[in-house]
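**Q** Kindly generate the complete structure, drawing on both the sequences and the hints.
2 protein chains.
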Amino acid sequence: MKQVNVGLLGLGTVGTGVVRIVEGHREDLQSQTGSPIHISKILVKDRAKTRSISVDSSKLTEDPWEIVRDPAIDVIVEVMGGVGETKQYILEALELGKHVVTANKDLMALHGQELLAKAREKGCDIYYEASVAGGIPIIRTLIEGFSSDRITKIMGIVNGTTNYILTKMSQEGAAYGDVLKEAQALGYAESDPTSDVEGLDAARKMTILSTLGFRANVALDDVDVKGISSVTQEDIQYAKQLGYEVKLLGIAERQDEYISVAVEPTLVKKSHPIASVNGVFNAVYVYGEAVGETMFYGPGAGELPTATSIVADLVAVVKNLKLGVNGKQAVTSYKEKKLKTDEQIASKYFLLLHVEDRAGVLAQIAQVFSDCDVSIESVMQPAPPNKAGAELIIISHNASKAAMSTVLKSFESLSAVREIKSVYRVEG
Amino acid sequence: MKQVNVGLLGLGTVGTGVVRIVEGHREDLQSQTGSPIHISKILVKDRAKTRSISVDSSKLTEDPWEIVRDPAIDVIVEVMGGVGETKQYILEALELGKHVVTANKDLMALHGQELLAKAREKGCDIYYEASVAGGIPIIRTLIEGFSSDRITKIMGIVNGTTNYILTKMSQEGAAYGDVLKEAQALGYAESDPTSDVEGLDAARKMTILSTLGFRANVALDDVDVKGISSVTQEDIQYAKQLGYEVKLLGIAERQDEYISVAVEPTLVKKSHPIASVNGVFNAVYVYGEAVGETMFYGPGAGELPTATSIVADLVAVVKNLKLGVNGKQAVTSYKEKKLKTDEQIASKYFLLLHVEDRAGVLAQIAQVFSDCDVSIESVMQPAPPNKAGAELIIISHNASKAAMSTVLKSFESLSAVREIKSVYRVEG
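Protein chains in written order, with our numbering: chain Z, 1 to 428; chain V, 1 to 428.
One copy or two, either will do: identical chains are not told apart, so a pair holds if it fits within one copy or between any two.
Pairs of lysine-lysine, BS3-like flavour, derived with a Cα cap of 27 Å:
id, residue 1, residue 2
1, LYS401, LYS270
2, LYS168, LYS226
3, LYS338, LYS118
4, LYS322, LYS335
5, LYS181, LYS240
6, LYS335, LYS2
7, LYS270, LYS348
No wet-lab data here; the hints were simulated from the structure.
**A** Okay, here's the thing in structure tokens:
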């Protein structure tokens, strides 16, 4: 079969990995697809820049349209990032009948439905395995591996930066700010870390995973997001004493037609498989009604892991070309979602309270829980109280988010509670 | 699109699960494939038997050929097991142009190449996701998810029975024989447990995984197999003291064109993700040159988990029918394997020796290691020696299997070594 020509948009870390794999695994790839894969043009910001791989400079261009509109190019691999102009390039490529492989989670979380619809209309493929959890083939798993099941829960550690920070805080007792600085120095965190540490990156990935897992049109705005910047060493140590690790989890749940998606720091029981996912690794835990508990673990980022997923998508496109079935594989009909109300979202909760040191305080607090119909699983006072007051850790039984909000609101008018220091969801 | 008719060979545990999922998820399945899936005939041993699900008795037959030769049946789902007659049914079904979904690891390990070739010749699909690791979609992952990578190592806990036994031995300190009896009472082990405990079941699964992962024609005879029946509580306790868990691992490795596949009890460092896979759960750890470390975890058996994989395969067949691409997806061209020699297979080793209690013993033993060019990582004498002698635990650095065999052979003529109690491979 004839050579497949690829236009590569972007030659940063991941783009470099794509070139390395396509060239380094040339024979393997051809034996699987029957066609040579040829990267014919590459979009770069600066043609003159020195690079870590040798690339024929005649392939490089600074003009994206030269690639998008090149009639000899069959497939566009987009690893440049961004959502504004990048979306225009991809739409135009699809319009011109080119297939698309992208690693762009922002684009897919924000405009995935529109791009998939355009691809289908034009008989083109759009694959995006690398957009979530780097080297873990979780998108294929959700679409194909669990096509027969009803997934009711997806919990993901889908942001390596925050998992690195929380792991270091847990293992070394370091403060959030110090670990963040170290992560920045090591290149694990950006100089502006907001998107990672405030959970926005994870929210985009959870939008994609819950759309696929629940076959429902989840939007980024549906995700309730809280980051890790307020997680303290005190929280982590108390959690550990009680047998939990603090993890930034994306949690998507479904019951019947109602779904909820959140990203938030969560206490995870140490015996749960996701609790021992450390450092920059990612993992996605999937619960299906029939299959039960499963988990998929691997590198969430990096040049070659991410490029592995991109080139696997490229192989899929080339196989489809050979069979003449491009644009017919992707699921594009999603159910209308109904979001769970706060009355329908339930979990255990961990509360760290600063309270007055006097008789009857615990009784008053217990009364508030009881009035709100929230049952207490355990109460711990980690140190003897002193003049400054006492610390109280309460873990609830399963309670609705609404009921827990009422508990917290009631504490505001309860003089015995000086401060609600932390509130976390508890899993496992 | 027209209804797809399925003939189900077998209505035991897994067959019942298939009926439950196909009927319980009817709408979901149809919305994905565009076709109603209808189980039209079911092979049973005894039509009169009472069952846990209600099935229209007119669908039941005791004659496999009535299903295999029924021109109205499009797909055969084989969950009856066996390799002799079952192979004939599947070959005949393929000959007649029917697609096949099977959960039969024995059949695929022994005759996979022949069946895949026949399927390709006839333009038929044959899918077998459920044959390895029940509900974990590991076959799809190896074929599609990592199509772009070069996998160099696959380590699997692919037998739930032995993992249950080893977990119980480790967590509760019980003896092998007692835990086996308990597992039999709970239905986790067969009355004749040989195939599980001697590693044969795991070997069949590793044959399938290494064939796919390495794209080489690995045969069951290529697998070096050792079971868990000689693992003692002493081994497990010493391993734990040193920071390891004992697991029955399938280990497949590749270097250039040379491969090795073994199933054996192995010491796994507790920090390795596969060390914390407990009970009847399965996990497959995959190392790819580009992607690095990944792991896939889930239920290895059971009615609904296994049926999840089978029905996901059925969905794939029906999608292929719709696109007219059956028989064109499976990889059937494998490289000729070259097996690694014992000189090429390398790992760390754990040795538990019973030795004489006299001066100079350790020096003599160290000399043997040195003569064989095997370097020692650590030596531990867990208890003070007494008249009965001493126990010595040695962990080596990476050594070839051949060199370690020479070490062990040399011990035979060394009077200081009374008994080689245990030898295990060490990973992680």
